[in-house]
Amino acid sequence: MNSVVCIAQVPDTETRIKIGGDGRRIDEAGVKYIVSPYDEYALEEAIRLKEKEGGDVTVLGFGPDRVQQALRESLARGATKAVHVKGESGDADSLGIAKVLAAALRTIPHDLVFFGKQGVGTDNSLVGPMVAELLGYPQINVVTHMETAAGKVTAHREIEGAEEVIEATTPAVITAQKGLNEPRYASLKGIMAAKKVTIDTKSIADLGLADSDVVNQRVTVVSLELPPEKSGGRKIDGGDPAAAAKEIVRYMKEEAKAL
Amino acid sequence: MPSFPGVDYMDIDSLFSEDELMVRQTVRDFVDDEIIPIIEEANREEKFPMHLIPKIAEMGLFGATIKEYDLPGLNNVAYGLIMQELERGDSGLRSFASVQSGLVMYPIYTYGSKEQRDYWIPKLAAGEKIGCFGLTEPDFGSNPGGMRTYARKDGDSWVLNGAKAWITNGSIADVAVVWAKHDGVIRGFLVEKDTPGFSTAYHMGKFSLRASVTSQLFFEDCRIPGENLLPETNGIKYPLGCLSQARYGIAWGALGAAMSVYETARTYAKSRIQFGGQPIASHQLVQNKLAWMITEITKGQLLAVQMGRLKDQGKLKPHHISMGKMNNVNIALECARSARDILGANGISDEYPIIRHMLNLESVKTYEGTHDIHNLIIGEAVTGIPAYNPPMSAKDEREATARREMEAAK
Numbered sequence: 171m172n173s174v175v176c177i178a179q180v181p182d183t184e185t186r187i188k189i190g191g192d193g194r195r196i197d198e199a200g201v202k203y204i205v206s207p208y209d210e211y212a213l214e215e216a217i218r219l220k221e222k223e224g225g226d227v228t229v230l231g232f233g234p235d236r237v238q239q240a241l242r243e244s245l246a247r248g249a250t251k252a253v254h255v256k257g258e259s260g261d262a263d264s265l266g267i268a269k270v271l272a273a274a275l276r277t278i279p280h281d282l283v284f285f286g287k288q289g290v291g292t293d294n295s296l297v298g299p300m301v302a303e304l305l306g307y308p309q310i311n312v313v314t315h316m317e318t319a320a321g322k323v324t325a326h327r328e329i330e331g332a333e334e335v336i337e338a339t340t341p342a343v344i345t346a347q348k349g350l351n352e353p354r355y356a357s358l359k360g361i362m363a364a365k366k367v368t369i370d371t372k373s374i375a376d377l378g379l380a381d382s383d384v385v386n387q388r389v390t391v392v393s394l395e396l397p398p399e400k401s402g403g404r405k406i407d408g409g410d411p412a413a414a415a416k417e418i419v420r421y422m423k424e425e426a427k428a429l
Numbered sequence: 016m017p018s019f020p021g022v023d024y025m026d027i028d029s030l031f032s033e034d035e036l037m038v039r040q041t042v043r044d045f046v047d048d049e050i051i052p053i054i055e056e057a058n059r060e061e062k063f064p065m066h067l068i069p070k071i072a073e074m075g076l077f078g079a080t081i082k083e084y085d086l087p088g089l090n091n092v093a094y095g096l097i098m099q100e101l102e103r104g105d106s107g108l109r110s111f112a113s114v115q116s117g118l119v120m121y122p123i124y125t126y127g128s129k130e131q132r133d134y135w136i137p138k139l140a141a142g143e144k145i146g147c148f149g150l151t152e153p154d155f156g157s158n159p160g161g162m163r164t165y166a167r168k169d170g171d172s173w174v175l176n177g178a179k180a181w182i183t184n185g186s187i188a189d190v191a192v193v194w195a196k197h198d199g200v201i202r203g204f205l206v207e208k209d210t211p212g213f214s215t216a217y218h219m220g221k222f223s224l225r226a227s228v229t230s231q232l233f234f235e236d237c238r239i240p241g242e243n244l245l246p247e248t249n250g251i252k253y254p255l256g257c258l259s260q261a262r263y264g265i266a267w268g269a270l271g272a273a274m275s276v277y278e279t280a281r282t283y284a285k286s287r288i289q290f291g292g293q294p295i296a297s298h299q300l301v302q303n304k305l306a307w308m309i310t311e312i313t314k315g316q317l318l319a320v321q322m323g324r325l326k327d328q329g330k331l332k333p334h335h336i337s338m339g340k341m342n343n344v345n346i347a348l349e350c351a352r353s354a355r356d357i358l359g360a361n362g363i364s365d366e367y368p369i370i371r372h373m374l375n376l377e378s379v380k381t382y383e384g385t386h387d388i389h390n391l392i393i394g395e396a397v398t399g400i401p402a403y404n405p406p407m408s409a410k411d412e413r414e415a416t417a418r419r420e421m422e423a424a425k
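Top to bottom, those sequences are chains A and B. FYI, the numbering for the first sequence is 171 to 429, going by this note's numbering. FYI, the numbering for the second sequence is 16 to 425, going by this note's numbering.
Just so you know, not all the hints are guaranteed correct.
Here are the simulated DSSO-like cross-link-like pairs (lysine-lysine), alpha carbons at most 30 Å apart as the crow flies [said to hold, decoys possible]:
1. K359/A <-> K330/B
2. K82/B <-> K359/A
3. K208/B <-> K221/B
4. K348/A <-> K365/A
5. K348/A <-> K359/A
6. K202/A <-> K285/B
7. K251/A <-> K82/B
Rather than coming from a laboratory, the hints here were simulated on the basis of the structure.
The following block holds chain A by itself, in its conformation from the complex (with noise of 0.2 Å):
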């Protein structure tokens, strides 16, 4: 069983993000990167098959220089293998992502290509369903739980209210719901053992891309803001107990719209 795992590297979730220059992008200095945590639960159980079924696990990432901490870190936590595709992912949207990962995807041999059923920080729930189209796989998303057999994996996925149960063919892509698994910590020999991997590092050109397939393809991030600051609460009094609970049932209703 090979899998590859779809690796994305995002701003740490404690970032206190500012807007760049261009209004359009996040100011990248100072910010520290991490594996996007949904693709943790993804690596997860892609070691745990690769433990228990033996083959490689590939991560793959897609993205400037720094990309390749993010598969160092996934080589130390048991990751066999890593791809890195090189190239400006900033203003790739997630269709010029999916073609290149797709495209890195035709090279390396797989059964399963596991993503994060999103990416945090952009939360399009996009590239991993891309992927799989472009490659006419099946795919089940938001997996909570899976095994797989020969030939076939099946997952349990949460929707409203209930679990729902799909079997796929293999090759497949399973994008990873938080609770599918624990994610382990890298081991120190993980470290030490990741520091002899050769990540294979390639363009965009050399998985026959250029710029323009991948770079605003069908999407184009017009501005970037922050959310409003804060402003101060407000207070009502308490003395008549009645008269302030039917003011915050007003206010809710009337002013906040949010009943």
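Starting from the structure of chain A, add chain B where the hints point.
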């Protein structure tokens, strides 16, 4: 719970390699996720968090510098960074790891027979077995050479008699590395839990290292197999060699505690409003304390890195380690006291980590060579004159010589 941002005033991180930083980050995440949320409770209840041992073992933190037995084979700087992060969590937790790695695995690996190594190293690394180190005695702390635990050979066995005190992990250990005198020579022995004649008791009423087990060990005609002797051990320099390992780790660990209290105090000072709506961080006296703390931490980091690099080159001397341990623990304790002061009344509450670190560091200042003894080691290194024993009067000297001669004649 926000993750720890690290303390790096002068781009100290540029002195570390990518894998050293990755090791630190891994342990940092572990401490943030698994230790910080439970440590105050463990400290309050005086309970060592046993449930963490398998996780720590799985990460490969025990015996991390050993290459054989499928262990990580980290360099000493990476090992130091592990100690730093663990002690940022709690000195007791770092003590557990120091003892397991530096005081139990190290002597078995370095002074043990092949059979001893093959049996114990994998089990200790996996956390399946816990070890402790028995050198200090109720009456012999700074002067371990005076110990009164004795070993005698009886047929194929060794028989131990005596007592050890202040032994980290003592009551939870599966194996004790015990130092005892045989024919006046200090030798190391492995004593397994439940050996007849071997018992332990908790030190009660500790106000420090409460999340760590500290015990007394008793040996009453405790008979162990002949092969439980650590064959290479033959004098006081062998236990001291173990202590060098542990002291090196403490020099790093203390920085972790210092970083924790510094960061807590800095954050607190920026949000605590007094006098006219300004945070206390705007007060010059508070800034003075913070400036002192970050300066000392930065100096301590440089000392630790240089020790680590020298250790990797095989050039680190015990008197270098003495400087690192003495200085870094001392500044960490002073940082904790200053931080406590900045937090005012909140500084004594275990809602913040400061009072716990401060009380822990009182132990760390004393154990593994007291602050004063390390000063004497440095003093001897720079003057060539050992000053451990106060000078004797001529009369005392004559009496001591006569006593030694009588003992020798017996």
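Cross-check of the supplied hints:
no.	hint	result
1	K359/A <-> K330/B	holds (26 Å)
2	K82/B <-> K359/A	holds (10 Å)
3	K208/B <-> K221/B	holds (24 Å)
4	K348/A <-> K365/A	holds (29 Å)
5	K348/A <-> K359/A	holds (26 Å)
6	K202/A <-> K285/B	holds (23 Å)
7	K251/A <-> K82/B	holds (23 Å)
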